[in-house]
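Peer 1: So you can see what is in the structure, the chains are spelled out below.
There are 4 protein chains.
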Amino acid sequence: MRRELYNILEHEDETFLSKAYNVLMLLTILISLIPLMTKASLPVLTIMDHSTAIIFGIDYFLRLFTADLKLKRGKWSFLIYPFTILAIVDLVSILPNFLMFNSSFKLLKIIRMGRMLRVFRVIRHSRNIEIIRNVIREQKEALLVVAGLALSYTIITALLIYNVEPDSTFGTFFEAVYWVTMSLTTVGYSDIIATTVLGKLITMISSVLGIAIIALPAGIVTAGYMTEITKKD
Amino acid sequence: MRRELYNILEHEDETFLSKAYNVLMLLTILISLIPLMTKASLPVLTIMDHSTAIIFGIDYFLRLFTADLKLKRGKWSFLIYPFTILAIVDLVSILPNFLMFNSSFKLLKIIRMGRMLRVFRVIRHSRNIEIIRNVIREQKEALLVVAGLALSYTIITALLIYNVEPDSTFGTFFEAVYWVTMSLTTVGYSDIIATTVLGKLITMISSVLGIAIIALPAGIVTAGYMTEITKKD
Amino acid sequence: MRRELYNILEHEDETFLSKAYNVLMLLTILISLIPLMTKASLPVLTIMDHSTAIIFGIDYFLRLFTADLKLKRGKWSFLIYPFTILAIVDLVSILPNFLMFNSSFKLLKIIRMGRMLRVFRVIRHSRNIEIIRNVIREQKEALLVVAGLALSYTIITALLIYNVEPDSTFGTFFEAVYWVTMSLTTVGYSDIIATTVLGKLITMISSVLGIAIIALPAGIVTAGYMTEITKKD
Amino acid sequence: MRRELYNILEHEDETFLSKAYNVLMLLTILISLIPLMTKASLPVLTIMDHSTAIIFGIDYFLRLFTADLKLKRGKWSFLIYPFTILAIVDLVSILPNFLMFNSSFKLLKIIRMGRMLRVFRVIRHSRNIEIIRNVIREQKEALLVVAGLALSYTIITALLIYNVEPDSTFGTFFEAVYWVTMSLTTVGYSDIIATTVLGKLITMISSVLGIAIIALPAGIVTAGYMTEITKKD
Numbered sequence: 003m004r005r006e007l008y009n010i011l012e013h014e015d016e017t018f019l020s021k022a023y024n025v026l027m028l029l030t031i032l033i034s035l036i037p038l039m040t041k042a043s044l045p046v047l048t049i050m051d052h053s054t055a056i057i058f059g060i061d062y063f064l065r066l067f068t069a070d071l072k073l074k075r076g077k078w079s080f081l082i083y084p085f086t087i088l089a090i091v092d093l094v095s096i097l098p099n100f101l102m103f104n105s106s107f108k109l110l111k112i113i114r115m116g117r118m119l120r121v122f123r124v125i126r127h128s129r130n131i132e133i134i135r136n137v138i139r140e141q142k143e144a145l146l147v148v149a150g151l152a153l154s155y156t157i158i159t160a161l162l163i164y165n166v167e168p169d170s171t172f173g174t175f176f177e178a179v180y181w182v183t184m185s186l187t188t189v190g191y192s193d194i195i196a197t198t199v200l201g202k203l204i205t206m207i208s209s210v211l212g213i214a215i216i217a218l219p220a221g222i223v224t225a226g227y228m229t230e231i232t233k234k235d
Numbered sequence: 003m004r005r006e007l008y009n010i011l012e013h014e015d016e017t018f019l020s021k022a023y024n025v026l027m028l029l030t031i032l033i034s035l036i037p038l039m040t041k042a043s044l045p046v047l048t049i050m051d052h053s054t055a056i057i058f059g060i061d062y063f064l065r066l067f068t069a070d071l072k073l074k075r076g077k078w079s080f081l082i083y084p085f086t087i088l089a090i091v092d093l094v095s096i097l098p099n100f101l102m103f104n105s106s107f108k109l110l111k112i113i114r115m116g117r118m119l120r121v122f123r124v125i126r127h128s129r130n131i132e133i134i135r136n137v138i139r140e141q142k143e144a145l146l147v148v149a150g151l152a153l154s155y156t157i158i159t160a161l162l163i164y165n166v167e168p169d170s171t172f173g174t175f176f177e178a179v180y181w182v183t184m185s186l187t188t189v190g191y192s193d194i195i196a197t198t199v200l201g202k203l204i205t206m207i208s209s210v211l212g213i214a215i216i217a218l219p220a221g222i223v224t225a226g227y228m229t230e231i232t233k234k235d
Numbered sequence: 003m004r005r006e007l008y009n010i011l012e013h014e015d016e017t018f019l020s021k022a023y024n025v026l027m028l029l030t031i032l033i034s035l036i037p038l039m040t041k042a043s044l045p046v047l048t049i050m051d052h053s054t055a056i057i058f059g060i061d062y063f064l065r066l067f068t069a070d071l072k073l074k075r076g077k078w079s080f081l082i083y084p085f086t087i088l089a090i091v092d093l094v095s096i097l098p099n100f101l102m103f104n105s106s107f108k109l110l111k112i113i114r115m116g117r118m119l120r121v122f123r124v125i126r127h128s129r130n131i132e133i134i135r136n137v138i139r140e141q142k143e144a145l146l147v148v149a150g151l152a153l154s155y156t157i158i159t160a161l162l163i164y165n166v167e168p169d170s171t172f173g174t175f176f177e178a179v180y181w182v183t184m185s186l187t188t189v190g191y192s193d194i195i196a197t198t199v200l201g202k203l204i205t206m207i208s209s210v211l212g213i214a215i216i217a218l219p220a221g222i223v224t225a226g227y228m229t230e231i232t233k234k235d
Numbered sequence: 003m004r005r006e007l008y009n010i011l012e013h014e015d016e017t018f019l020s021k022a023y024n025v026l027m028l029l030t031i032l033i034s035l036i037p038l039m040t041k042a043s044l045p046v047l048t049i050m051d052h053s054t055a056i057i058f059g060i061d062y063f064l065r066l067f068t069a070d071l072k073l074k075r076g077k078w079s080f081l082i083y084p085f086t087i088l089a090i091v092d093l094v095s096i097l098p099n100f101l102m103f104n105s106s107f108k109l110l111k112i113i114r115m116g117r118m119l120r121v122f123r124v125i126r127h128s129r130n131i132e133i134i135r136n137v138i139r140e141q142k143e144a145l146l147v148v149a150g151l152a153l154s155y156t157i158i159t160a161l162l163i164y165n166v167e168p169d170s171t172f173g174t175f176f177e178a179v180y181w182v183t184m185s186l187t188t189v190g191y192s193d194i195i196a197t198t199v200l201g202k203l204i205t206m207i208s209s210v211l212g213i214a215i216i217a218l219p220a221g222i223v224t225a226g227y228m229t230e231i232t233k234k235d
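Protein chains in written order, with the numbering used here: chain A, 3 to 235; chain B, 3 to 235; chain C, 3 to 235; chain D, 3 to 235.
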């Protein structure tokens with residue numbers, strides 16, 4: 003009986019029951035997110051919130067109950083399982099519901115974010131991501147160099163602009179880093195804008211370098227993707 | 003005679019008459035769009051609107067009249083034809099003109115959009131799009147994974163920012179989704195801007211991920227395009 | 003003597019005199035642009051403006067004087083030469099200076115732009131552009147399809163948003179086209195922003211499609227560039 | 003003893019002492035940047051500022067002291083070393099601290115920027131950047147053509163928009179260049195926006211060309227990166 007339960011939980015698309023369980027869990031995840039999408043406090047939202055938490059709780063205990071069949075380490079499995087990454091994610095996503103009753107209003111908001119980890123469960127049920135992950139893993143070193151260059155440039159330019167522009171433009175150094183990132187990624191939010199000629203010159207250089215920052219990883223990813231495809235053939 | 007008519011309607015570039023009909027239809031489409039480009043109500047625009055609708059109406063009936071020559075299913079063709087995609091597009095694009103007389107002012111605006119489907123007729127007369135379509139079809143799975151990742155990221159970040167930022171920044175959850183999309187695609191409209199340090203941190207992460215979101219599909223499309231070219235040779 | 007003059011004018015990097023002439027012309031072009039970079043009316047700018055125009059005038063007549071050596075059509079060359087593209091560019095770039103005296107203030111502004119054509123002379127003296135031009139020529143058809151798709155999308159979306167948004171958002175249909183272009187290219191100037199939920203939904207779709215619009219030509223150009231390189235080897 | 007010191011300074015990852023010295027220098031660089039990240043004048047920041055400058059000073063003299071072992075030119079090495087690029091960078095990054103005492107407030111700000119050169123020291127200790135540098139070196143010519151085209155376009159469009167738009171839009175020609183760069187790189191800061199129809203038309207063309215400006219270098223870099231990878235295999 004425990005083996006059957008394990009098959010339902012883990013081998014998702016093989017029997018009718020495992021398929022149905024999979025669909026049920028996906029629906030539960032989606033419903034559990036609805037109360038987070040509004041600041042209104044309707045009773046229907048509270049019901050959604052608690053009932054989905056209970057389903058996740060049952061799921062957590064069923065997975066713990068069949069841990070030895072998954073980890074194949076005998077009785078030790080029941081002790082090891084709660085410390086695997088996926089089990090921690092599962093637990094963290096339910097905990098806020100049971101802690102909510104005896105916590106202040108302020109704290110509540112931060113705990114709510116913990117529940118967002120439920121969404122990462124969806125990735126558990128997908129396999130196609132591996133292809134993209136392979137490209138990234140193979141080209142990791144080159145991408146890290148580009149990321150390193152971008153980070154160095156961001157810090158240097160933030161230091162430069164923070165000391166060049168008048169105090170009214172940037173309140174803190176963090177705002178300078180934020181501004182450089184907005185220029186480098188070509189987003190260009192207009193809340194903080196360089197006002198001096200030197201500041202505008204730095205903006206121009208950052209924006210032009212932003213294109214290089216797009217061209218370099220795009221080139222690396224493309225080259226990696228093509229070698230992945232050639233390997234397959 | 004019906005066969006000649008069918009040749010004029012369908013085999014566009016073979017005879018002088020079919021070429022002329024093709025040019026006439028393209029002009030009619032362009033003229034039919036002019037009344038939508040202004041909010042002024044001049045008599046000349048009303049004439050344009052109705053006369054082009056009549057031409058489209060005649061075109062619709064001529065195509066229905068020769069449906070058996072196209073679908074090759076005997077008398078059943080006349081019943082099947084109105085339910086083919088192109089026939090529905092044709093009908094929807096004329097309908098508003100004939101419904102306009104007995105509809106209220108508010109509704110009129112939404113019906114007008116139906117007429118925009120006329121533009122899609124242009125695609126019917128083009129063939130080069132197939133090349134691009136092939137690349138997209140071949141790389142569909144990989145592009146869907148990227149789209150899925152982008153969508154997951156958008157929802158998680160929207161949930162996060164919606165609960166982190168003060169109520170004055172985002173009116174509804176939809177505005178949070180809109181804002182994340184603007185950051186991720188590096189558009190950066192400045193109507194909604196994160197005000198807290200945590201909000202700005204999320205903006206920075208979104209913008210940097212936006213580059214990956216550009217690099218990944220660009221790489222996939224390039225790799226797909228190159229294999230398409232190699233196939234040809 | 004006329005042959006020597008022709009060699010100086012056309013074979014730029016062979017003798018000392020032709021090199022010197024080439025450098026002189028490049029400097030003249032750069033100096034001629036300075037008066038356009040300010041709205042102040044200093045005497046030194048007027049001198050710059052007229053003296054460079056005189057040098058361009060002499061250059062024009064010297065090239066006309068040696069036209070038969072270039073075009074190799076005997077006496078007809080002197081008649082044909084003024085109608086070659088480069089000769090027209092040369093003439094248009096000097097004309098404003100001689101027409102300026104008897105023209106009103108308003109017209110003057112538009113004529114000034116004609117002089118900007120002088121900059122295109124720089125391209126005449128460069129050869130590396132051919133490589134890039136080859137890639138574009140080879141992939142012309144595919145790039146046109148992408149451009150066509152982008153244009154169709156722009157017009158349809160502009161029609162849609164113009165009729166959906168309230169009158170206060172878009173003054174004219176042109177502003178709707180401008181707005182769609184700003185979304186699709188991910189520039190995101192914040193002068194015109196969609197205010198309705200439907201308008202914001204269209205903004206989001208446009209921005210996401212903007213990434214595809216970047217990915218597609220990038221892929222085509224890359225594939226074209228790689229085949230160019232392989233050809234060379 | 004001088005040889006041991008030289009090994010510690012230059013062969014970074016071989017012995018425990020050289021590793022420790024390397025880590026110490028990286029930490030010193032990071033700490034020396036902290037006082038630049040705030041405009042507050044706390045005593046702890048002044049201590050950080052001066053103590054790191056003293057460490058850099060000692061480092062400078064130790065490197066000068068072992069210059070003959072590095073440059074292998076005998077006694078001349080001690081005269082040549084201060085004029086090598088890295089030595090100049092080292093000196094410029096410490097100088098502000100020793101000049102600060104007898105300088106006015108205004109000048110101080112500009113001198114502070116000199117210290118930012120310290121960050122470039124980090125690059126001295128990295129080697130992975132060579133891969134990216136290879137791609138750029140190989141494709142230098144093609145990238146320069148693209149850069150040249152972008153620069154020409156920027157100047158022409160800046161001239162055009164500066165003379166077309168009313169005086170209120172652009173204060174100086176520099177602002178027109180700044181504005182064109184913001185359009186071409188698709189950043190789109192909203193501090194300066196074209197107000198006339200002609201100006202908006204130029205904005206649209208610039209934004210669309212901006213995509214080509216991204217597509218071209220991305221294509222060149224990708225092609226270069228792929229040939230680098232193939233060479234390795």
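Certain hints may be false.
When chains are identical, the list treats them as one kind, so a pair holds in a single copy or across two.
[Claimed, not checked] Heads up, simulated EDC-like pairs for lysine to aspartate or glutamate below, C-alpha to C-alpha not over 16 Å straight-line:
1) LYS233 x GLU6
2) LYS77 x ASP193
3) LYS41 x GLU167
4) LYS72 x GLU6
5) LYS41 x GLU177
Treat the hints as calculated values from the structure; they're not laboratory data.
Peer 1: So, for every hint listed, does it hold in this structure?
Peer 2: Hint check results:
1. In this homomeric assembly, LYS233 and GLU6 never come within 16 Å of each other (Cα to Cα): the closest approach is 38 Å inside a single copy and 48 Å across copies.
2. In the homo-oligomer, the alpha carbons of LYS77 and ASP193 never lie at most 16 Å apart, since the shortest distance is 58 Å inside one protomer and 57 Å across protomers.
3. In the homo-oligomer, the alpha carbons of LYS41 and GLU167 lie at most 16 Å apart only across protomers (12 Å), although the nearest pairing inside one protomer, at 39 Å, exceeds that limit.
4. Only within a single protomer do LYS72 and GLU6 lie at most 16 Å apart by alpha-carbon distance; the minimum there is 13 Å, versus 56 Å between protomers.
5. Taking the shortest Cα distances, LYS41 and GLU177 sit within 16 Å of each other only across copies (13 Å), while inside one copy they are farther apart (28 Å).
Taken one by one, the earlier hints fail for this structure at numbers 1, 2, listed in ascending order.
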